[in-house]
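Protein chains: 2
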Amino acid sequence: MTAYKSDIEIAQEAVLKPVMQLGKEMGIDPDILEPYGHFKAKVPLEAVKPEEERGKIILVTSLNPTPAGEGKSTVTVGLGQALNAIGRKAVVALREPSLGPTMGLKGGACGGGKSQVVPMEDINLHFTGDLHAITSAHNTLAALVDNHIHRGNELDLDIRKGTWKRVLDINDRSLRNIVAGLGGRLHGVPHETGFDITVASEIMAVLCLADGVADLKDRLRRMIIGYNSSGKPVTCGDLKAEGALALLLREAVKPNLVQTLENTPAFVHGGPFANIAHGCNSLAATKMAASYGEFAVTESGFGADLGAEKFFHIKAEAGGFSPSAVVLVATVRALKMHGGRAKDDLKTEDLEALEKGLENLEKHLETIHAFGVPVVVAVNAFVHDTKAETDRVLSFCRDKGVPAETAEVWEHGGAGGTALAKAAAKAADAFDGYHTPLYDKKIPVKDKIRRIVQEVYGAEGVDFSKEARNMLETIRQEGLEELPVCMAKTQYSLSDDPSKLGRPRGFRITVRELRISRGAGFIVALTGSVMTMPGLPEKPAAMEMDVLDDGRAAGLF
Amino acid sequence: MTAYKSDIEIAQEAVLKPVMQLGKEMGIDPDILEPYGHFKAKVPLEAVKPEEERGKIILVTSLNPTPAGEGKSTVTVGLGQALNAIGRKAVVALREPSLGPTMGLKGGACGGGKSQVVPMEDINLHFTGDLHAITSAHNTLAALVDNHIHRGNELDLDIRKGTWKRVLDINDRSLRNIVAGLGGRLHGVPHETGFDITVASEIMAVLCLADGVADLKDRLRRMIIGYNSSGKPVTCGDLKAEGALALLLREAVKPNLVQTLENTPAFVHGGPFANIAHGCNSLAATKMAASYGEFAVTESGFGADLGAEKFFHIKAEAGGFSPSAVVLVATVRALKMHGGRAKDDLKTEDLEALEKGLENLEKHLETIHAFGVPVVVAVNAFVHDTKAETDRVLSFCRDKGVPAETAEVWEHGGAGGTALAKAAAKAADAFDGYHTPLYDKKIPVKDKIRRIVQEVYGAEGVDFSKEARNMLETIRQEGLEELPVCMAKTQYSLSDDPSKLGRPRGFRITVRELRISRGAGFIVALTGSVMTMPGLPEKPAAMEMDVLDDGRAAGLF
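Those protein sequences? They're chains A and B, same order as listed. Its first residue numbered 54, the first sequence is counted upward by one per residue in our numbering. Its first residue numbered 54, the second sequence is counted upward by one per residue in our numbering.
These are calculated hints, taken from the structure and not from any lab test. Be aware that a few hints might be false.
Identical copies go unnamed one by one, so any copy, or any two together, can satisfy a pair.
Cut-off 30 Å, straight-line C-alpha distance, at most; resulting in silico cross-link-like pairs (DSSO-like, lysine-lysine) [said to hold, decoys possible]:
id	residue 1	residue 2
1	LYS495	LYS440
2	LYS142	LYS293
3	LYS102	LYS519
4	LYS440	LYS285
5	LYS58	LYS396
6	LYS58	LYS293
7	LYS77	LYS495
8	LYS293	LYS592
9	LYS396	LYS440
10	LYS285	LYS592
11	LYS553	LYS77
12	LYS592	LYS214
13	LYS440	LYS592
14	LYS553	LYS453
15	LYS58	LYS400
16	LYS453	LYS519
17	LYS396	LYS214
18	LYS58	LYS453
19	LYS553	LYS495
20	LYS396	LYS553
Chain A extracted, bound-state conformation (with noise of 0.2 Å):
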């Protein structure tokens, strides 16, 4: 068996283009490029060109994904290689890491083997800063909060409420639960809060939604730090944190310039929580890919369920674009394990299994079809996977007219999803619509839980907590109903519950909470339990880092 170099191994060896030159290349100014080392830059939202100047938007997608991980943003890289690669110029357009997973279990972020973004081991670090300027604002406005609370409440904060938390990039489950202002009267109010991971944080919602620094003040403006002893909502804009916090994010809105292996553009943008948001690089960031593209490459979190329904129904919406071709990417492990295969025994052939886990590709290829826009699958080749599996995938998707192929360029970067890129761009190029929402944002809030549960996921119906129907209450009153809604929901099964695998059938969706993101612009509906602040495991990817005596990286696999 072929012994392959390991990500930072590949990624090390890249010849990178200065950054300087690959933005000379695609047409941007230089003087207005702002360079961070010789291989990143930021570019500012002024590069944004009309949307009749604009490329197309090809979505990436997956069918549930499995712990293992089905190399959505390898296939994202290497879709932007292959499309190069066939003459078609390309940029893609990826969320930034966060540091906390990188420390924990996942090691680095930036795809892999010959599809990754490079210099990766600054990607995976602090790259330029963006997480560190959102843990900033939104810890900044804790303080600001608790230092009001503390001189006096003047606007009534009902702290048995809860009020704004903080967020730190790291993965500490001992910060979940905190109990803070203890010592006395000199250090503030005790209280009960904790901290999210950063990418929780919903000024990185914000961050990735706003079309502009007016629009970011707006919905700084708009965010909700607590709610007073009436039960309405106090704003940051209450508290007149908006233009601090804007401030503190001047540089963190500008999307990220990188490059792939090779020397393919990529902005590399914002990376919010697939769950309680909406899980897309920024907008700005697509829109500037799509700027400097024929086609703008980008993904989605989590499989099509959560991560596409919300590209269409939140950021499609926000940027008023729409893309022109879907990619799901499938894996022949993960529909192993959808046919009911256990998750450490997917390297032996097994067609019963398989069979039985496409009715998983099948929803989803449903539901993309529902927004009415072409898709393509991509068969992601691992190792394992056989001949005979790889083509009952490829002829599954072809009886049903939806064109598909392998893609091999995890092994082979753009080299291996040629075939790949033509099938994409044939779709793309001969669809010149919109999607359609599966729900008019004019429906209240509960009936568009209703659409999403039952056309995407499969559920027969929707049941509320007490909770939840109150929380349905206080939107209906605060006029909020025209939001829309950011399903938070386990990624590993169309239900509400990870251990259904393949195409469940006959189940309801609970959802116990809402929770209104204002500034974001949607509405939180949590179903099944949220882990808004990861742990480490027993032995952290951190223990294997280092610094080499020559300064490079090692131990970000």
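Knowing the structure of chain A, use the given hints to seat chain B on it.
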């Protein structure tokens, strides 16, 4: 009266040189400069020249400061500009500002008037991300420690003795004392802990004293993260976390190159607390400044009793260098306060109070003389000073044989400091020796403390609390007697009582606690109460901040 522009107005009108050009003119190979935007760059440690090729160091310190501030950074920047104005090539080395105080009371910390480092908005906000990297490294270690305890606590850390705390670069009193790890068995082990501000992190001191990456890793490895049930220190190295921390600090260790309003190069890098740490910019920045200037002009924290003493005994010792001259900043208004005048009543002439206050200055001059380095007094001019007052300070110094000049660098930039520059250059030119430490590093810690309080503060002696005496024993047992001492004392008085201004006599110093900063390489002696997490004031500076429509920052006065 002249109408003066605000600092940010002056800064925004400055004509900056592109940093690549600035570096090139200094003789730094552009290929090794890492630009952060067009006016900031990181310079790798390899660019430090061998000692024999480096220029001389001029240290700027002050008398005991008052709450209004004496303009020490302004004089440091102005002196750098003035040296260049008289044809002597000087490079400035300064601490980088902390975001917490910027959002709280101070608004900014880059010097002032026509003696500022720029771009001041960037430097005051996230700059090149150094403080964020330290926050990340510090809190990653905290998460690793808590995860270790959560997963069985093999190292037998005793949580009752306190373990590694967390930091944020925010003024947030609510986080000083918290209980973390609440919520049940999946969420860590409940324990009392808290947050310090990032500049109080031992990692900040480590970064500022590290002589290269190998030394950085050694220092990180030695940091004490807690004590086991037998009372033995447990270190970061026991947890094998130093590699990950060093990786997170890989960029942060490199000094940041910016410039002053008059295009004098300035390295702005590192900024440890001046009480529980040594309060100076990084060793690397100072060496870098000396590598590219005939003179490196640098400052230390607070007054000479704390800042200069620590510069000599901690920083210069770690760096193997000596300042060739000390510039001691005095102001008429501070001298009048030391002479008994109230702090809100300093605008009218009072030669009597001034005369009395001069003994504070006198004590600091004696201290610098004890170190055996030439001293020059800079009388930093303020609008309300009268000629009679200024003349009295100058004659007082000159009568003692100490060169003294006014510094009008706030109002006139370098042109307002040429006489000072000539005096400082003359003093430094004439001195080819090495300072004389006030204690031999081989004497016990308690004797080092006694030497400092007697020789530098003028105290009669020192008393140790029972807790401190126990720690002296631990220090002996652990073989750490040779470490230097880092005094944590009020900056406002030579004594440990902030209300005793002027030159107090007949007092003793009480050391209530000793802490081992094993990584930084010093023993912290705490006297009085020391605040390591500030709070926000009634009206935080953040409330005035904003981003204007043209993208410029507002409210960073």
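Hint numbers contradicted by this structure: Hints 1, 2, 3, 4, 7, 11, 13, 16, 17, 18 and 19 not satisfied by this model.
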